[in-house]
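> Line by line, the protein sequences give chains A and B. Read in order, the letters of the first sequence are residues 4 to 365 in our numbering. Read in order, the letters of the second sequence are residues 4 to 365 in our numbering.
Treat the hints with care, since some could be wrong.
Copies of one chain are not kept apart here, so a pair can be met inside one copy or by any two copies together.
Here are the computed lysine-lysine pairs in the BS3-like style, where the Cα-Cα straight-line distance is at most 25 Å [stated by the list, open to error]:
1) 91 / 351
2) 326 / 91
3) 326 / 33
For the record, the hints were derived by calculation from the structure and aren't laboratory data.
There are 2 protein chains.
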Amino acid sequence: MALDEVDTPALVLDLDALERNLQRMADAVKGSGVRLRPHAKSHKCAEIARAQIAAGAVGVCCQKVSEAEALVAGGVADVLVTNEIVGKQKLARLARLVRQAKVGVLADDAGNVADLDAAARAEGVRIEVLVEIDVGAHRCGIEPGEPALALARRIAASRNLRFAGLHAYHGSAQHVRAPAQRRAAIAAAAEKATLTKTLIERAGIACETVTGAGTGTFMLESASRVYNEIQPGSYVFMDADYNRNVWEEGWPRFEQSLFVLATVMSAPAPDRAVLDAGLKASSVDSGLPQVHERPGVEYAKASDEHGVLKISAGTMAPTLGEKLLLVPGHCDPTVNLYNWFVCVRKRKVEALWPVTARGAVW
Amino acid sequence: MALDEVDTPALVLDLDALERNLQRMADAVKGSGVRLRPHAKSHKCAEIARAQIAAGAVGVCCQKVSEAEALVAGGVADVLVTNEIVGKQKLARLARLVRQAKVGVLADDAGNVADLDAAARAEGVRIEVLVEIDVGAHRCGIEPGEPALALARRIAASRNLRFAGLHAYHGSAQHVRAPAQRRAAIAAAAEKATLTKTLIERAGIACETVTGAGTGTFMLESASRVYNEIQPGSYVFMDADYNRNVWEEGWPRFEQSLFVLATVMSAPAPDRAVLDAGLKASSVDSGLPQVHERPGVEYAKASDEHGVLKISAGTMAPTLGEKLLLVPGHCDPTVNLYNWFVCVRKRKVEALWPVTARGAVW
Numbered sequence: 004m005a006l007d008e009v010d011t012p013a014l015v016l017d018l019d020a021l022e023r024n025l026q027r028m029a030d031a032v033k034g035s036g037v038r039l040r041p042h043a044k045s046h047k048c049a050e051i052a053r054a055q056i057a058a059g060a061v062g063v064c065c066q067k068v069s070e071a072e073a074l075v076a077g078g079v080a081d082v083l084v085t086n087e088i089v090g091k092q093k094l095a096r097l098a099r100l101v102r103q104a105k106v107g108v109l110a111d112d113a114g115n116v117a118d119l120d121a122a123a124r125a126e127g128v129r130i131e132v133l134v135e136i137d138v139g140a141h142r143c144g145i146e147p148g149e150p151a152l153a154l155a156r157r158i159a160a161s162r163n164l165r166f167a168g169l170h171a172y173h174g175s176a177q178h179v180r181a182p183a184q185r186r187a188a189i190a191a192a193a194e195k196a197t198l199t200k201t202l203i204e205r206a207g208i209a210c211e212t213v214t215g216a217g218t219g220t221f222m223l224e225s226a227s228r229v230y231n232e233i234q235p236g237s238y239v240f241m242d243a244d245y246n247r248n249v250w251e252e253g254w255p256r257f258e259q260s261l262f263v264l265a266t267v268m269s270a271p272a273p274d275r276a277v278l279d280a281g282l283k284a285s286s287v288d289s290g291l292p293q294v295h296e297r298p299g300v301e302y303a304k305a306s307d308e309h310g311v312l313k314i315s316a317g318t319m320a321p322t323l324g325e326k327l328l329l330v331p332g333h334c335d336p337t338v339n340l341y342n343w344f345v346c347v348r349k350r351k352v353e354a355l356w357p358v359t360a361r362g363a364v365w
Numbered sequence: 004m005a006l007d008e009v010d011t012p013a014l015v016l017d018l019d020a021l022e023r024n025l026q027r028m029a030d031a032v033k034g035s036g037v038r039l040r041p042h043a044k045s046h047k048c049a050e051i052a053r054a055q056i057a058a059g060a061v062g063v064c065c066q067k068v069s070e071a072e073a074l075v076a077g078g079v080a081d082v083l084v085t086n087e088i089v090g091k092q093k094l095a096r097l098a099r100l101v102r103q104a105k106v107g108v109l110a111d112d113a114g115n116v117a118d119l120d121a122a123a124r125a126e127g128v129r130i131e132v133l134v135e136i137d138v139g140a141h142r143c144g145i146e147p148g149e150p151a152l153a154l155a156r157r158i159a160a161s162r163n164l165r166f167a168g169l170h171a172y173h174g175s176a177q178h179v180r181a182p183a184q185r186r187a188a189i190a191a192a193a194e195k196a197t198l199t200k201t202l203i204e205r206a207g208i209a210c211e212t213v214t215g216a217g218t219g220t221f222m223l224e225s226a227s228r229v230y231n232e233i234q235p236g237s238y239v240f241m242d243a244d245y246n247r248n249v250w251e252e253g254w255p256r257f258e259q260s261l262f263v264l265a266t267v268m269s270a271p272a273p274d275r276a277v278l279d280a281g282l283k284a285s286s287v288d289s290g291l292p293q294v295h296e297r298p299g300v301e302y303a304k305a306s307d308e309h310g311v312l313k314i315s316a317g318t319m320a321p322t323l324g325e326k327l328l329l330v331p332g333h334c335d336p337t338v339n340l341y342n343w344f345v346c347v348r349k350r351k352v353e354a355l356w357p358v359t360a361r362g363a364v365w
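This is chain A alone, in the form it adopts within the complex (with noise of 0.2 Å):
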């Protein structure tokens, strides 16, 4: 099947793309020592966790505990839950999943820690743990230094969970646009980081991993001497938020590989077209979409179901029922209102693939 026969809108991934993105990530950390354990609340995907997987990463990460089920029951063997998790239910579920597949968490709460000991306790299992520390985005994590050493003491001290390292990401980094201020912001959280390792060393505790990074600055934590695991996640599918970080010399450069495939529904002025996909079609959390490869063509406004095309005097204007491709605003929340990736190779449909996790934020 041709892709422009696909009906829309449609979640469409290039794995020409795809699979350049990997390698690319791949040659980017060999012989660095460092791990590379990819983000999958970008793709939800068991399909490309296992591609990345094959490609030489150690597992990858998620964000919730219903994501880590829906990755083990689709065949990833090591999960990290990159999450503070609380409450009785979804203690009980993560600690069950232990039984099936490698499985870690975080942690930045004595009280959490202990509820985390007594799941474990209950399940019979022994659970890994991180500290998670804020190295400044100021979202979770306790405080590097002293108040890190003082968890993961605890942690060591817990029959049932294991102490494993330090979680810390700088999130807010990722998207700064400038080179400069990024190496400084992650100049920062390194210095936090070898602070609180040093610490927890000294005090007779190893600290096996230490692990962050995203896709604007792995390889700033991938230099630093003191992060030996790195988390990226957009580098799979990038999208317009990232194209609009400036990407440094030397770094390797990723490719767009997902699209939102959309049908001109109206086209009702010289100047405007309609599009019959807006708001529950692509996530605008991080800008409007961009449209693929039509100079002149600007998507200027979303609602639920329809997004507006700005047409620039002098260019030749999409027909009705002409389908365009868009560039997602953001990959991550796009990807997660769709049940599948529609995998296209040079525009021939060649597999769909399930998002296994859409909608798992419990």
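Chain B: place on chain A using the hints.
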């Protein structure tokens, strides 16, 4: 089961508030001679559509053929697709659906009218078509007046179509905050609708229905003397954006019935806590969610799976594991993220209603 036992994030529907909203809308249109055809794109739920019809609605609207299919399969007998439908596959499905239910559709293009006619002929059915006119929103829709008359003539002359009237929806007027400006926008829309209706009737073509309106303006269309059908959707739920509209004296007040239940998963600092509900749990296209009945606690930042709360000095901070209700910024795309409404009455779970047409965007 008590609401507090529901795992999070969850989409919560307060049935008492929902029922009061349904009643208030029924009361508002009673005796006006205007038919109520609520928009089901807000809830995508056959259960709610049937409740709206039981409360006096003549049927519902939706935006997509796939939504119409899901609603008809869920027992709704009268659906108006308030959108242009373009492409062979969709047109064939639309025509097929006419065998099972009363289904109408819009057109704003002569070529599309020919395609609709061909699809109806192929299926051996007659499709009801309304002409969409642009009354100020500048999205889809043909120009009012002569161009609309020409299109109505074409529909009326098509053997397998029936001209059913005008669609005159002013989308952008719904969220205009000030009553006077909303009044002006709908007065202008009504004038365009009147002019076009008169032209069509003078040409000897019956113009049965003039439909439009949303939750922000329906009292104005109802009073216009030209609209005889209204299609408000959000009134069943309300949201943070609609709550920012200044409501007019004497208009029915709708209550917030839709919430996202979220858990505090991290409380790392006295002025900050983090919820397990981010972009993938509550759409932020019309602004961030609001924390329900917790003054001093503000939802300040959303990432994929985290919501950062800012806690004012002197406010009792939410504790780890505490569950809070959020008012979504925009109800329609938030509902589309979930598979179920958790329906509660006085904080007890009474039912689970499927979001029948979740993700039905094609």
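> Now, for every hint given, state plainly whether the structure supports it.
Results of checking the hints against the structure:
1. 91 / 351: Result: close only across copies, 19 Å inter versus 47 Å intra.
2. 326 / 91: between (48 Å within a copy, 13 Å between copies)
3. 326 / 33: neither (40 Å within a copy, 44 Å between copies)
Checked against the numbered hints listed earlier, the structure breaks hint 3 alone; every other hint is satisfied.
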